[in-house]
Structures are given as structure tokens and as C-alpha cells.
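As they're listed, the protein sequences go chains A and B.
Mapping the first sequence onto my numbering, position 159 (from 1) lands on 159, and the numbers just tick up by one.
Mapping the second sequence onto my numbering, position 98 (from 1) lands on 98, and the numbers just tick up by one.
These are computed hints drawn from the structure, not numbers from a lab.
Don't take every hint at face value.
[Unchecked claim] With the C-beta cut set under 7 Å, the calculated list includes, among others, these residues of chain B facing chain A:
1) 44
2) 61
3) 70
4) 197
5) 200
[Said to hold, decoys possible] Not everything, but these chain B residues come out facing chain A in the computed CB check (under 8 Å):
6) 13
7) 41
8) 47
9) 210
[As the list claims (entries may be wrong)] Now the in silico label distances, taken between C-beta atoms and shown as ranges:
10) B:177 to A:64: 38 to 48 Å
11) A:113 to B:43: 15 to 25 Å
12) A:62 to B:25: 38 to 48 Å
13) B:5 to A:24: 46 to 56 Å
14) A:122 to B:183: 45 to 55 Å
15) B:18 to A:166: 37 to 47 Å
16) A:122 to B:54: 39 to 49 Å
17) B:25 to A:86: 40 to 50 Å
18) B:47 to A:63: 41 to 51 Å
19) B:184 to A:148: 48 to 58 Å
Positions of the beta carbon are idealized from the N, C-alpha and C atoms, including for glycine.
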Amino acid sequence: MDPDRALAKRASNGDLAAFEALVDLHQPRLTTMAARLLGSHADATDAVQETLVRAWLALPRFRGDAKFSTWLTRICLNAIHDLRERRGQLADPEAPEAVDLRDGFAASELAGELQRALAALDPPFREAVVLYDVLGCSYAEISELTDVAEGTVKSRIYRGRAELAQLLAGTSTAGRESE
Amino acid sequence: MTVARHPAELELLALVEGELSRGAAQVVEEHLGACAACRAAVEAQRAARALLRAAPAVPPLAPQEVQALVRALPAHARPTPWWRSRPVLVGAPALGLAVAAAAVVISLSNGTPESRPTALEAAAPATGAPSAKAVPPAAARAGYGVPDAATGPGALLGAVAGTPARVVALLRARGIVATARDGQVLVREADGPRARAALATLPSGPVRVLVR
Ligand SMILES: [Zn+2]
Numbered sequence: 001m002d003p004d005r006a007l008a009k010r011a012s013n014g015d016l017a018a019f020e021a022l023v024d025l026h027q028p029r030l031t032t033m034a035a036r037l038l039g040s041h042a043d044a045t046d047a048v049q050e051t052l053v054r055a056w057l058a059l060p061r062f063r064g065d066a067k068f069s070t071w072l073t074r075i076c077l078n079a080i081h082d083l084r085e086r087r088g089q090l091a092d093p094e095a096p097e098a099v100d101l102r103d104g105f106a107a108s109e110l111a112g113e114l115q116r117a118l119a120a121l122d123p124p125f126r127e128a129v130v131l132y133d134v135l136g137c138s139y140a141e142i143s144e145l146t147d148v149a150e151g152t153v154k155s156r157i158y159r160g161r162a163e164l165a166q167l168l169a170g171t172s173t174a175g176r177e178s179e
Numbered sequence: 001m002t003v004a005r006h007p008a009e010l011e012l013l014a015l016v017e018g019e020l021s022r023g024a025a026q027v028v029e030e031h032l033g034a035c036a037a038c039r040a041a042v043e044a045q046r047a048a049r050a051l052l053r054a055a056p057a058v059p060p061l062a063p064q065e066v067q068a069l070v071r072a073l074p075a076h077a078r079p080t081p082w083w084r085s086r087p088v089l090v091g092a093p094a095l096g097l098a099v100a101a102a103a104v105v106i107s108l109s110n111g112t113p114e115s116r117p118t119a120l121e122a123a124a125p126a127t128g129a130p131s132a133k134a135v136p137p138a139a140a141r142a143g144y145g146v147p148d149a150a151t152g153p154g155a156l157l158g159a160v161a162g163t164p165a166r167v168v169a170l171l172r173a174r175g176i177v178a179t180a181r182d183g184q185v186l187v188r189e190a191d192g193p194r195a196r197a198a199l200a201t202l203p204s205g206p207v208r209v210l211v212r
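Taking the hints into account, I'd like the entire structure generated from these sequences.
Now the structure itself:
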């Protein structure tokens, strides 16, 4: 059962307070997801704002086939894709944001080693590890969010992590050749 | 399983995730004991997994930022928002304002999807207010960023921490023309959506930023 169902229904009928309550509940995860996928807190905020506008416009058509949180996360992933396309590329993790507005977080964390390594992954692998390990989504949820089979999700998580570890170790790891 | 046959990637993943039965896990562990390559692969999985899971959460939007964003939503799926009807009410007694606001709240909670005006309908009768700029839903979806609903002259774009001068400097650093006046910050109408997005990343506070 979707815990957000009642609020989503009210929001789809134009209840702003219900929508605001839903946003309060879900925007922290969306912000973390967007920041890890985009590598910039400013871009993440843009993506989350765009998500809220799109979700609000689409809410009258939300029928509850998917969980609200999955539906919203999917909208956010689309907004992130569109933003990345508009930017032409990821924010350069080496370039600190012009003004660091969040207690040094953007500079210290989003410009950190882990974020650099994440930025170097192909987007499907980056998405898989962020959704699974950072956000704690299940294989099934990620499959639904990214439109690929669960087996593909698992393979992406495995390979994304393997490449991440390799990037962070700064070495070319030994493959798993037969002995 | 013998040393010669490496477990599949998904078996190693399942081992790391604790998804294997005890028997299956034992077989893979035995292989790991004899195969340095697979052992290194599993160690890499565990290292990356631990790092990702220890990554701190990114600071979310402040509740005031959420509130400002929700108030700035385009009038697509709900009745004429209060700020669109504000020009009519300017100069009205405080009681009148309160009654009007209450009426809007009531109509919001009773609105059905079918009875709601579209953005165009909602904006059109807004008494020729210069701020009532129609945002067709299609255009709102096609364009990236917050559609420019409620960014006409006088529209409140945000209220942030700091001093007016500092907020002006922050906005200018992002290429937005801003000026301080009477303790407030004014930006050009054309920069409204970008200014709103920039302000949403700032801590909330007393400095009001308005469309000039
Ligand atoms: Zn092996």
C-alpha cells in the first residue's frame, strides 16, 4: 500500500497544502539523488524545482498505478536527463561552484574523490549505484525507474561499483582471468 | 564449484548483498579462498559499497524554500492563485483581503480537476495586471526551469539570509542584474525565473527579492 496515496489524491485535486506535504517528505531524497547524479548542488536544486513543477502539472493524471514516490523519482530522473542534455555535459567537478552556499558542502563533498569517480562512470552505471547504494532503492524499484530488467540492474550495480573501486584505487585492477 | 570455474558476477553481487543461501554462500567462499582474482573483485565491491553508503546526504531545500516553490507553481491544475488576483485587491480593507483569501482556500480544497481553469483561462481574466502573463502548459513543460508564473513586476521571488548588498553580489555572480533599494533587492523581469532558482539555493532570511 502506498503511504502517500491519500495526500497524492488530495494534491491531484488541487490541494496545495497536500502537495507541499508530499514535497517536504520527498525532496531530501530527490536532492541527494540529483546532486550525486549531476555533481553540483545548484544543478540539483534546479532539477528538483523542475521536478516539482512537472509533478504538479502531471498530478491530475496520476492514477496510482505506481507508488507516488516512484512516480516522483521518475519525473526527477527525467528532469536530470534533460538538464544534463541542456548542459551538454556534467558540471566539471574540478570547478568549484561560484558561490558555495551550503556550509562548504558543495566544495568539500561534491568536489570530493567519490563524486569525481561517480562523474567518470557512464550514466546508466552511475544511476544504478546511486539509486541502489546511496538512495537504498530495491532492484525492482530501479528496474521500474530505469526501464531495464532486474538482471541488467544488478549487472550495472556490480560493474558500476567495480569501476568506481578501480577509479578510486587509481590502479588498473587485475581482471578475473582464469588461472 | 571448482577454482577453475569463477562464480558469475551476479553470484558475487549476491554474496556481497547477503542474498545467497548458506550453502551457496559457502561454495562461493570456498572459491574465494582459492582465487585471488575473485577475492579482489569482492573486496572492490565491498569497498565501493561502503563508500557509497557512507556518502553524506546532500542538504535538502529548507521548508521556506519549498513553500516559496509551491507558491510559485504555474496555475495549470488549480484555480486562479491569490497572487494573480492581488491587483484587484490592492487598497481593499484588510478584512476584505482576509475574506478573499479564505474564499480562495475554500475553492482550492473543493476544486475538481474538471472544473479547474487552464493556465490560460486563469491568467486571462486577471484584470489586465501586467504580471498576469499566461503560461500555456505545453510551453511550461517544454521549457526547462520554473515557468515564469508570478514573476511579473512586484512578484516576490524569494526571501533570503544576508544583507541586500550581499544578495545583490550573489545574484550578480550568477549573471543576474540586481539592485538594492529600500532594504529590498530588485531584479529585471526577464531574470525572474533564473533569480528564483538561484535564491532557492540560499538559506532563507529577511532580504526580500522582487521583480522590478
Ligand atoms: Zn575466481
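Original post:
Against chain A, with CB atoms and a cut of 8 Å, does the hint on residue 41 (chain B) hold up?
Top reply: Where the cut-off is 8 Å and the nearest Cβ of chain A is about 6 Å from residue 41 (chain B), the hint holds.
**OP:** Go ahead and decide if the range 38 to 48 Å is satisfied by the Cβ distance of residue 62 (chain A) to residue 25 (chain B).
**Re:** Once the Cβ atoms are compared, 42 Å apart, the range 38 to 48 Å for residue 25 (chain B) and residue 62 (chain A) holds.
**OP:** Starting from the range 48 to 58 Å, see whether the pair residue 184 (chain B) and residue 148 (chain A) falls in it by beta-carbon distance.
**Re:** holds, 50 Å
**OP:** May I ask you to test the interface hint for residue 197 (chain B) with respect to chain A, counting a Cβ-Cβ separation under 7 Å as satisfied?
**Re:** This interface hint holds because 6 Å falls under the 7 Å limit.
Subject >> Status of the residue 44 (chain B) interface restraint (C-beta, 7 Å, chain A) >> reply: holds, 4 Å
Subject >> Range hint compliance [Cβ, residue 113 (chain A) to residue 43 (chain B), 15 to 25 Å] >> reply: At roughly 18 Å between Cβ atoms, residue 43 (chain B) and residue 113 (chain A) fall inside 15 to 25 Å, so the hint holds.
Subject >> Cβ distance range 41 to 51 Å for residue 47 (chain B) and residue 63 (chain A), holds or violated >> reply: holds, 43 Å
**OP:** For the hint on residue 70 (chain B), just tell me whether its beta-carbon gets within less than 7 Å of chain A.
**Re:** holds, 5 Å
Original post:
residue 18 (chain B) and residue 166 (chain A), beta-carbon distance inside 37 to 47 Å?
Top reply: violated, 24 Å
Subject >> Interface hint for residue 210 (chain B), Cβ within 8 Å of any Cβ on chain A >> reply: Given a least distance of 19 Å, the restraint on residue 210 (chain B) is violated.
Original post:
Was the hint right that residue 13 (chain B) lines chain A, CB cutoff 8 Å?
Top reply: At 5 Å from the nearest chain A Cβ, residue 13 (chain B) passes the 8 Å test, so the hint holds.
Original post:
Regarding the hint that residue 47 (chain B) lies at the interface with chain A, is the smallest CB-CB distance below 8 Å?
Top reply: holds, 5 Å
Hints 9, 15 and 16, counting from the list given before, are not met by this structure.
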